[in-house]
Amino acid sequence: MTMTQSRRQFISQTSQLAIASAALPGFLNANNVVDTPKYEIGLSQYSLRAMFKDRSLDPLDYAKFTVDTFGIKAVDLWEGGLAGDKLDNKNYLEKLRTSCDDAGTRLFLLMTGALDANPDKAAASRNRLLPSIDRAAALGTEYLRVFLKAPGEDEAAGVQASVDALKPLADAAAKKDVMIVIEPGASKLSQRGAFLAKVCKQLNHPALRLMPDFGKQVNNVYDGTEAMMPYTVTISCKMHSFDDNGKQPHFDYNRLLKIIDQADYRGFLTIEWEGSKLQPVPGVLASKKLIEQAIANLAK
Numbered sequence: 000m001t002m003t004q005s006r007r008q009f010i011s012q013t014s015q016l017a018i019a020s021a022a023l024p025g026f027l028n029a030n031n032v033v034d035t036p037k038y039e040i041g042l043s044q045y046s047l048r049a050m051f052k053d054r055s056l057d058p059l060d061y062a063k064f065t066v067d068t069f070g071i072k073a074v075d076l077w078e079g080g081l082a083g084d085k086l087d088n089k090n091y092l093e094k095l096r097t098s099c100d101d102a103g104t105r106l107f108l109l110m111t112g113a114l115d116a117n118p119d120k121a122a123a124s125r126n127r128l129l130p131s132i133d134r135a136a137a138l139g140t141e142y143l144r145v146f147l148k149a150p151g152e153d154e155a156a157g158v159q160a161s162v163d164a165l166k167p168l169a170d171a172a173a174k175k176d177v178m179i180v181i182e183p184g185a186s187k188l189s190q191r192g193a194f195l196a197k198v199c200k201q202l203n204h205p206a207l208r209l210m211p212d213f214g215k216q217v218n219n220v221y222d223g224t225e226a227m228m229p230y231t232v233t234i235s236c237k238m239h240s241f242d243d244n245g246k247q248p249h250f251d252y253n254r255l256l257k258i259i260d261q262a263d264y265r266g267f268l269t270i271e272w273e274g275s276k277l278q279p280v281p282g283v284l285a286s287k288k289l290i291e292q293a294i295a296n297l298a299k
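Numbering (numbering that gives the first Met the number 0), first residue to last: 0 to 299.
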């Protein structure tokens with residue numbers, strides 16, 4: 000089987016599972032399915048941004064550092080954490096990919112910028128993102144994270160503008176066996192999980208899905224996450240700070256994990272440490288502990 004065939008099958012199967020899970024709760028526990036853990040904790044490169052900024056950690060050492068320091072074997076890359084003059088250097092991208100392979104980690108996602116869905120700006124904005132699809136393909140990642148800047152405040156108009164802007168981008172990604180995943184947060188409309196779910200439902204494209212980010216949703220993070228789950232293929236577990244009990248003061252991880260579990264989601268729970276009161280390493284370790292506790296609490 001070729002790499003292209005393997006990745007194409009992964010994307011197709013992931014899309015089908017994400018949608019089917021809403022209609023067939025519990026189907027992943029069927030007797031003919033291998034009993035593997037539902038969740039794998041991953042690490043976002045953004046969590047260690049301070050270390051890349053002060054050059055105490057090189058991106059080429061990131062995967063090995065993640066395994067050795069945190070025991071995490073799934074990682075994403077962030078374009079902002081890579082050398083700008085090397086983003087389109089095929090040899091450098093191959094070195095990044097090899098460094099992940101050598102460390103025994105799975106490089107599953109590349110994070111890029113925002114698509115402006117304003118009809119007057121969409122084409123130019125989309126063209127700026129096309130190179131990121133090529134980078135994701137070169138790195139061998141299944142997913143390319145994109146923010147969506149939906150225009151205005153009218154929901155119906157915002158959905159239609161977003162669908163029109165996203166379709167050509169998703170078409171281009173599909174040709175490279177990459178799936179676009181939308182993260183909340185780039186505009187007032189797209190901060191709402193229910194809005195993004197409507198966009199995904201209306202577009203109905205196999206190369207477009209969603210990535211909930213608990214820290215980027217306004218109004219009700221719980222309702223927003225629940226609305227996104229039928230179209231979710233990966234999850235960003237945002238962490239800002241911890242109280243004296245090691246909990247997030249802004250949202251309840253036990254409640255969020257119950258929503259995720261009830262949706263029959265299987266996949267990555269990716270740590271994205273964004274706080275400032277802890278240095279990157281202790282921040283990630285505290286984040287990992289909280290996620291592990293929330294997963295364990297599901298069985299209680």
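Do not rely on the hints blindly, as some may be mistaken.
Quick list of simulated restraints, FRET-style, between CB atoms [unchecked claim]: (1) Lys-89 x Lys-257: 25 to 31 Å; (2) Arg-54 x Asp-133: 36 to 42 Å; (3) Glu-291 x Asp-101: 32 to 38 Å; (4) Pro-167 x Lys-94: 18 to 24 Å; (5) Ala-295 x Pro-167: 40 to 46 Å.
Cut-off 30 Å, straight-line C-alpha distance, at most; resulting in silico cross-link-like pairs (DSSO-like, lysine-lysine) [what the hints assert, rightly or not]: (6) Lys-63 x Lys-94; (7) Lys-197 x Lys-288; (8) Lys-187 x Lys-85; (9) Lys-120 x Lys-257; (10) Lys-174 x Lys-197; (11) Lys-37 x Lys-52; (12) Lys-288 x Lys-174; (13) Lys-120 x Lys-37; (14) Lys-287 x Lys-120; (15) Lys-187 x Lys-72; (16) Lys-120 x Lys-288; (17) Lys-197 x Lys-52; (18) Lys-85 x Lys-37; (19) Lys-187 x Lys-94; (20) Lys-287 x Lys-63.
Derived from the structure by calculation, the hints contain no laboratory data.
We put the beta carbon where it would ideally sit given N, CA and C, even for glycine.
Do the hints match the structure? See the list:
Between Lys-89 and Lys-257 the CB atoms are about 44 Å apart, so this pair departs from the stated range of 25 to 31 Å. At roughly 27 Å, the beta-carbon separation of Arg-54 and Asp-133 lies outside the given 36 to 42 Å, and the hint is violated. At roughly 26 Å, the beta carbons of Glu-291 and Asp-101 sit outside the given window of 32 to 38 Å. About 31 Å separates the C-beta atoms of Pro-167 and Lys-94, a value inconsistent with the hinted range of 18 to 24 Å.
The supplied range of 40 to 46 Å is met by Ala-295 and Pro-167, whose beta-carbon atoms lie about 44 Å from each other. Between Lys-63 and Lys-94 the CA atoms are separated by roughly 13 Å; this keeps the pair inside 30 Å, and the hint holds. Between the alpha carbons of Lys-197 and Lys-288 the distance comes to roughly 34 Å, so the proposed pair goes past 30 Å and is violated. Note on Lys-187 and Lys-85: the hinted pairing is violated, with a Cα-Cα distance of about 33 Å set against a maximum of 30 Å.
Distance check on the hinted pair: Lys-120 and Lys-257 sit about 39 Å apart at the alpha-carbon level, beyond 30 Å; violated. A hinted pair counts as satisfied when its Cα atoms are at most 30 Å apart, and Lys-174 with Lys-197 qualifies at roughly 24 Å. For a cut-off of 30 Å, the pair hint linking Lys-37 to Lys-52 is broken: about 34 Å separates their Cα positions. A hinted pair counts as satisfied when its Cα atoms are at most 30 Å apart, and Lys-288 with Lys-174 does not qualify at roughly 39 Å.
At most 30 Å may separate the alpha-carbon atoms for a hinted pair to count; Lys-120 and Lys-37 exceed this at roughly 40 Å. Restraint check: the Cα-Cα separation between Lys-287 and Lys-120 comes to about 39 Å, which exceeds 30 Å; the hinted pair is violated. For the proposed pair Lys-187 and Lys-72, the alpha carbon gap of about 34 Å is over 30 Å, so the pair is violated. Taken as a hint, the Lys-120 and Lys-288 pair is broken in the structure, with Cα atoms around 42 Å apart against an allowance of 30 Å.
As the CA atoms of Lys-197 and Lys-52 are separated by approximately 37 Å, the hinted pair breaks the 30 Å bound. At most 30 Å may separate the alpha-carbon atoms for a hinted pair to count; Lys-85 and Lys-37 exceed this at roughly 36 Å. Under the criterion of a C-alpha separation no larger than 30 Å, the hint pairing Lys-187 with Lys-94 is inconsistent with the structure, at around 38 Å. Between Lys-287 and Lys-63 the alpha-carbon distance is near 17 Å, which keeps this suggested pair within the 30 Å criterion.
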